[in-house]
Amino acid sequence: MNAPLAERLKNSLRWLAAELAPFPGRGQFALRLTLASAIAILIGETFQIPYMVMSLVAIFFTVQANVVMTRVIFIALTLADIIAVPLYIWLLNFTYDYPVLRIVVSGLLFFSFMFCVRVSKAGAVLLGPAMIILYAQSFADLTGQAEYLVRQVLWSVVAITYGSILALLVNSLFASANPLRQLQAEAHRQLTRAAERLGQLAAAEALAPPSSPETLQRQCATLQNFATFANMADAKDYAGQQYRQCCIAAVSHVQHVCNALPKALPGASPALRRALGRLHGQLLALDAAIAAHTAFHLAWVPDEEERAALPALAQAEDIYRTLQAVDQFDSAAAPEQPAVKEPLLAPDAFTNPAYVRFALKVLICGLSGYFVFNVLQWPGIHTILITSGMVALPGLGTSVRQMTLRFYGALLGSLSALLVFVFVMPYIDTIVGLLLTMVPVIAAGAWLTAGSERFAYIGTQGAATFALALLEHFGPSTDLTEIRDRMVGIMLGVGICWLVYAFIWPESEGSATRAKLAALVRALAALVRAPVGKDDPALQMAYAKQHMQCWSVLNECNLALERVRYEPQFKHGALAQLAAQAERMLGVSRDVLVAQDHVHSHALAAADMANPAASPAREDAEKLRDETAALLELYAERVGKRGAPPLRELEQLRALAQQTSGAARAPMPADLRRLALHAAELPGWDAGNDSTPAAAIDLAAASPATREAP
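Residues 682 to 1391 (the working numbering) are what the sequence shown spells out, left to right.
Accuracy of the hints is not assured; some may be wrong.
Said to hold, decoys possible - Each computed BS3-like pair below joins lysine-lysine, with the alpha-carbon atoms no more than 27 angstroms apart:
| hint | residue 1 | residue 2 |
| --- | --- | --- |
| 1 | LYS1226 | LYS917 |
| 2 | LYS917 | LYS802 |
| 3 | LYS1226 | LYS1304 |
| 4 | LYS1197 | LYS1226 |
| 5 | LYS802 | LYS1197 |
| 6 | LYS802 | LYS691 |
Hints are computed from structural coordinates only; laboratory data are not their basis.
Required output: the full structure, derived from the provided sequences and hints.
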């Protein structure tokens, strides 16, 4: 095995281990999914309710990380049933004896529904009716009895409905699914870690290892997501939302500041260590206030010795100012802003051809699958029809990723079903045996579903494919052709969709990714320019919110780039290099954010010092900060407009940062120098290469070079 292949295998295994690793809340999520699925199987087998697989699929789609999203999905599924059943019965009433007319009308309805799905968030409700209309075509071609067909449709609705109701009940009974409690638990984890490091430093103990920038990014994104869902659950309490946002911004900022603490304080005064111990207690008090859903009050006022000692450790000064800002935050004084309601339709719904093209592509996939299904006369491959709707997502990379996950999920589910059929099924003769056989596999699928979006759909698809093979009949089955048929149908559906999406109006996300990367660099520039106020808690809180927003934008860019990597044209050659360069840009952005933590802390500490001899060094540092922010603004402008890279300005900033090394004995100039050197590692791109496809230029414009940071 050569070295590059071994390295790739090692990286793949490391990535897989990270995706499968437990994290707070994942076990509870998987438990809720497994419990609801087991109850659905027990009810379905006891009362012999057809289409139990649809019940399990409804459960996997309804159960979400929190009860707010679970209720939203439940309402969407219920509305989909209400729309789909009367519509399909009406369609059969007029077109059952005219197959061509039935197909034409069904195609028009399917196209209309998919168009609505794309142009409006509310249109997502119509995805269910669209899939039912398409999938039910297979029923109409397999029977000549209209009454039997209507009963099958009604039974499928019953299965979906009781599955979604079970999911809602199970999720509502678990307190851990409450978004406010999830937010409190995540804030507790982050504050506990921050307080632990601060307490260890105060006691002159060895500090816990700092978190990596990637870990900080995930923690910030998790905190922000929980806050968003908590605000959804408490939408009418505007003052509460403002105070909640203040608290989570403080938690995130304190976590980052404590992550930047020095390993030791060899010359620390007793007053400084005493102050650190008091700050440790106040962090725990903030945690208790968030857990009790009460206002935080700073119960410590430093005496003269402690106040004089705080600036000696810049991070301690920063933490104190942040806690002071939370204590003095007045949510009632914040102007109440009316909730901005998004329009029902996108502003360009009837002028942007991308929406019509999307609906047409999905329709082509559906009709092509229906054509193959009828030509082959192979009833078992009806999953080819479902696939066209399940992978219908905006963006080529997003759709290809969904196809990939669907294929691997179906493969894992089929292999699991095959092993059960061969080694376990001959010994099963009761419902208890069936549950003992299915629950471990469904639990594994639930564990995958509870993970990140890079992996989640594999679990859903794997559990559905496994259940489809075992629950097709009310009793033990050893018909291996069912496993083969479902897998073949999914493979054919994925193949058809891939060809259509890749070659008919491919919708690259390169431009959107470029815009997000430009917004990220622009936000970094604003953060570097953020003013520092010695006795202004409002400025400190504004900085904490701005800091958290930068990490959130960075996380969005990372997710967008992951989707772009699935686009076929970004797999090989120069285009793959461009994607790697964009990844490097995100790495540099993380380094800039971490360096900015040190800069801001030392800027706060420097505000308490009145040393005239330090004025020239401060002036040089301020000049370097302004030049760094200006460079970031220029870089963001060039990225957004796909202009020429600011190579000369980057080299000038690097030279200016290196010139300040002689005056960088003070902590703040030294941190600013590191910040500027990190920013100077944002290199250029080849914007004049006309042979590069448009999508590649989009990504190239958002891509730095691959030089290593100092």
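Here's how the hints hold up against the structure:
1. LYS1226 - LYS917: holds (22 angstroms)
2. LYS917 - LYS802: Judged against 27 angstroms, a Cα distance of about 21 angstroms means the pair holds.
3. LYS1226 - LYS1304: holds (25 angstroms)
4. LYS1197 - LYS1226: The hint holds at about 19 angstroms.
5. LYS802 - LYS1197: holds (21 angstroms)
6. LYS802 - LYS691: violated (40 angstroms)
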